[in-house]
Amino acid sequence: MGSRRRKKDCPVKSSQFQQTRSVKDRRRSHNVFVAKDRMKRRKASIVNKAKKLAQNYIFEELIRDPITGLLPYRIQAPERFTIGDAISRARLLIFLEEIRHTVLIEERSVFIDFSKTKKMIADGTLLFYAEIHRLIQVTRPRQLIRCSYPKDKIVEQVLQHVKVFEVLGKRERMVVVHDTVRHWHSQTGTKHQGEKIEAIRKFYEGNITEDQDPSKLYNGISEAMTNCRHAYPDPESLQLWGVEGDARWWMFSHEFKGVLWVTMYDLGIGIPASLVSGRKWSVEQLKRWLSNLGLGSTDGNLINIAFQQGSSVTNEAYRGKGLPEVQEVLRQHGRGILRVYSGRGYYQYNAETGLVQSGDFIQPICGTMISWNIPVQDQVIKSE
Amino acid sequence: MENTHTINVAKEFSKYPGGRYLADGDCSGERFRNEFLVPALRAHPSVRVNLDGTLGYGSSFLEEAFGGLVREAGFMSKDLDRSLILETNNETLGYTIRRYIAEAKAGKATHR
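Residue numbers (the numbering used here), protein chains in the order written: chain A, 62 to 445; chain B, 1093 to 1204.
You may find that some hints are simply not true.
To be verified - Pulled a few chain A residues facing chain B out of the computed Cβ check, cut under 8 angstroms:
no., residue
1, D240
2, K252
3, Q254
4, E259
5, Y279
6, N280
7, E284
8, R290
9, E386
Said to hold, decoys possible - Calculated from the model, a selection of chain B residues having no Cβ within reach of chain A, i.e. all distances over 12 angstroms:
no., residue
10, G1117
11, E1127
12, V1130
13, P1137
Unchecked claim - Here are the simulated EDC-like cross-link-like pairs (lysine to aspartate or glutamate), alpha carbons at most 20 angstroms apart as the crow flies:
no., chain 1, residue 1, chain 2, residue 2
14, A, K177, A, E140
15, B, K1103, B, E1179
16, B, K1107, A, E259
17, B, K1107, B, E1179
18, B, K1107, B, D1118
19, B, K1103, A, D213
20, A, K177, A, E158
21, A, K212, A, E140
22, B, K1107, A, E256
23, A, K277, B, E1183
24, B, K1103, A, E259
25, A, K212, A, E227
26, A, K224, A, D240
27, A, K214, A, D240
28, A, K277, B, D1144
29, A, K257, B, D1118
30, A, K231, A, D213
31, A, K231, A, D126
32, A, K180, A, D126
33, A, K110, A, D98
34, A, K179, A, E233
No wet-lab data here; the hints were simulated from the structure.
Note that the Cβ used here is the ideal one computed from N, Cα and C, for glycine as well.
Please take these sequences and the hints and turn them into a complete structure.
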C-alpha cells in the first residue's frame, strides 16, 4: 500500500518538481534577459558618452587657439542688443568691453555664447557688428572670435542676415524668411560711396513709392557718410588700443511697414570731443563753462550744441553741415525721427512735433551712432 | 571758343556726388571743383551746370564745389553770378548753391 501510495504520489511530486523547475528557468531566463538589456543600455550609454566626449573634444580642438593652445574664453552674450535703454545698454557695453579686453589685452581667443540672446535691435546690433568687424580686422589673420548658434531662430536669422556670421566665419544654415529680418540691409565702407546708397534704394525697390523724392534719402545718407569719414581727424583716432584701423563707417537700413530706418555708426572721436578738437580747451573745460553759464554740461547737451551750431572737428565756419543736414532733411519732410548717440549722450528730434530731447546714459559708447527714419510709402503718410 | 560751356554733372562727373575733400571719396566736391568747374570757368566766359540726373547732393559737396570757387579758387562771387548758370528742376538746390557762393565771399559762417 505504502509503495503504491509512493508510486501514486511520485508522479504528483514529479510534476510539481517540473513545474517548480520551469518557473525557476523562466525566472532565470528573465533575469538573463534583464541583465543583457541592462548591459545593452549601459553599453549604449557608454557609447553615447564617448561620442559626446569625442564631439566635445573635436569641437574644442576646432576652437582651440592654434598659437597659444588655449581654449577660448567663453563670454555670454546679453539677452537684448540695444543701446536705447539703460540696463540693456550697460549689459551690451560690458559684454563688448569683455571681448575687447580678452582679444586685445590678453590676446586670447573668445567664444561668444548667443544661447540667451532673444532680441536684436538695429542700434545695438550695429554697435556689436562694428566692434566685432574692427576687432577681426585688427587681429587678422588670427581668428580670435568665434560664436555659437543662438537658440532663438529669429536672432540666428538676424546674425546671419547682417553678416555677423560671415565676419566670424560661422557657417550659415538658415533661410532668412522672417518679415522683421529679411528687410535688413547692411553696408560698410571707408569713404563716401554713393553707389552704396543706390544699392539701398534698389534693395527696397517696390517698397519705396516711385514719386518719393530719392534725393531725401540720398542727401541724408551722403552727409552722414561724409560725417563718419570726418570722425577720424588724425591717425590717433584710427587706433584701437594701439592697433591701427581705418576710417570706417557701418550702416544698417531696415524697411518696415512703409518706414525706412537708416542707422550709421563710426568708431571715431565722437561729437563731444569733435567740438573741442583743434581748440585750446578740453571737453571738461567746455563742460565747466557751460555749467557756470547755467547750461547743461552733459554729453547730450554737447550733441545738442553741435546740432544748433553745426560745429565740427575744425574751426572753419563753412564746415560742420553733416548733423544739421540730416535733421534738415527730416524737417523738410515733416515726418520722421532722428536719434544720435555719442559718448554718454543721446539726442532725439521728432520732425512731426519739432520736439528735441537730449540726455546722458552712464556708460559711454565709442564713436557716434546716428539713426533716422523716413516714410517711403505714400499710403503710410496718408493713413497715419 | 563757344560762349557757354555746359557741364552735365550726372553724365560727365557722377550720378552719386558726395563728400567734401578728395580724401572723402572719388566723387567729392573738391574734385568736381578742381577738375570741372575751375578749368571750365577759366576757359569760357560762361558755364552752364546741369544738376539734374544725380541721386542728390549733400551740402558738404555743394559748399566745397561752389563755395570753394570763391574761397579756394579766387573767383569773385559777383562774377560767378554772371558766368555760372545753374540748370535744375529743383529750385531749392539752385538757391542753396547761390547762398553758399555769396556766404563764401562774405566769409561768414554758412552753417545753420
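Checked hints:
Checking A:D240 against chain B by beta carbon gives a least distance of about 28 angstroms; that is not within 8 angstroms, so the hint is violated. For A:K252, the interface hint holds, since its Cβ comes within 8 angstroms of a Cβ in chain B; the closest pair sits about 4 angstroms apart. Because the closest C-beta pair between A:Q254 and chain B is about 6 angstroms apart, less than 8 angstroms, the hint holds. Annotation: A:E259 was flagged as interfacial toward chain B, and the flag holds, the nearest CB pair being 6 angstroms apart, inside 8 angstroms.
A hinted interface residue such as A:Y279 counts as satisfied when its beta carbon comes closer than 8 angstroms to some beta carbon of chain B; here the least separation is about 3 angstroms, so the hint holds. Hint status for A:N280 relative to chain B: holds, with the closest Cβ pair at about 5 angstroms, below 8 angstroms. Residue-level restraint check for A:E284 holds (minimum Cβ-Cβ distance to chain B is 4 angstroms; threshold 8 angstroms). For A:R290, the suggested interface contact is upheld, since its CB lies about 5 angstroms from the closest CB of chain B, less than 8 angstroms.
Evaluation of the A:E386 hint against chain B yields a held restraint, the C-beta minimum of about 5 angstroms falling below 8 angstroms. Not every CB of chain A lies more than 12 angstroms from the CB of B:G1117, the least distance being 3 angstroms, so the non-interface label is violated. Distance check on B:E1127: its Cβ is at least 16 angstroms (rounded) from any Cβ of chain A, clearing the 12 angstroms threshold; non-interface status holds. At roughly 18 angstroms from the closest C-beta of chain A, the C-beta of B:V1130 stays outside 12 angstroms, upholding its exclusion from the interface.
The Cβ of B:P1137 sits about 27 angstroms from the closest Cβ of chain A, beyond the 12 angstroms cut-off, so the non-interface label holds. Restraint check: the Cα-Cα separation between A:K177 and A:E140 comes to about 6 angstroms, which is no more than 20 angstroms; the hinted pair holds. Taken as a hint, the B:K1103 and B:E1179 pair is honoured in the structure, with Cα atoms around 14 angstroms apart against an allowance of 20 angstroms. Restraint check: the Cα-Cα separation between B:K1107 and A:E259 comes to about 10 angstroms, which is no more than 20 angstroms; the hinted pair holds.
This hinted pair checks out: B:K1107 and B:E1179 have alpha carbons roughly 16 angstroms apart, not beyond 20 angstroms. Between the alpha carbons of B:K1107 and B:D1118 the distance comes to roughly 12 angstroms, so the proposed pair stays at or under 20 angstroms and holds. For the given pair, B:K1103 sits about 49 angstroms from A:D213 by alpha-carbon distance, which is inconsistent with the 20 angstroms threshold. Between A:K177 and A:E158 the CA atoms are separated by roughly 18 angstroms; this keeps the pair inside 20 angstroms, and the hint holds.
Distance hint between A:K212 and A:E140 is fulfilled; the C-alpha atoms sit about 11 angstroms from each other, no more than 20 angstroms. The hinted pair formed by B:K1107 and A:E256 meets the criterion: a straight-line CA distance of about 9 angstroms does not exceed 20 angstroms. Pair hint A:K277 plus B:E1183 holds up; C-alpha atoms about 15 angstroms apart against a cutoff of 20 angstroms. For the suggested pair B:K1103 and A:E259, the alpha carbons sit about 16 angstroms apart, so the restraint of at most 20 angstroms is met.
For the given pair, A:K212 sits about 18 angstroms from A:E227 by alpha-carbon distance, which is consistent with the 20 angstroms threshold. A C-alpha spacing of about 17 angstroms is found between A:K224 and A:D240, which places the hinted pair at or below 20 angstroms, so the restraint holds. Restraint check: the Cα-Cα separation between A:K214 and A:D240 comes to about 13 angstroms, which is no more than 20 angstroms; the hinted pair holds. Between A:K277 and B:D1144 the alpha-carbon distance is near 14 angstroms, which keeps this suggested pair within the 20 angstroms criterion.
Taking the CA atoms of A:K257 and B:D1118, the gap is near 13 angstroms; set against the 20 angstroms cutoff, the hint holds. Under the criterion of a C-alpha separation no larger than 20 angstroms, the hint pairing A:K231 with A:D213 is consistent with the structure, at around 16 angstroms. For a cut-off of 20 angstroms, the pair hint linking A:K231 to A:D126 stands: about 16 angstroms separates their Cα positions. For the suggested pair A:K180 and A:D126, the alpha carbons sit about 30 angstroms apart, so the restraint of at most 20 angstroms is broken.
Annotation: proposed proximity of A:K110 to A:D98 holds, straight-line Cα distance about 18 angstroms (limit 20 angstroms). With a CA separation close to 19 angstroms, the supplied pair A:K179 and A:E233 stays within the 20 angstroms bound.
When the structure is compared with the earlier hints, violations turn up for hints 1, 10, 19 and 32 and for no others.
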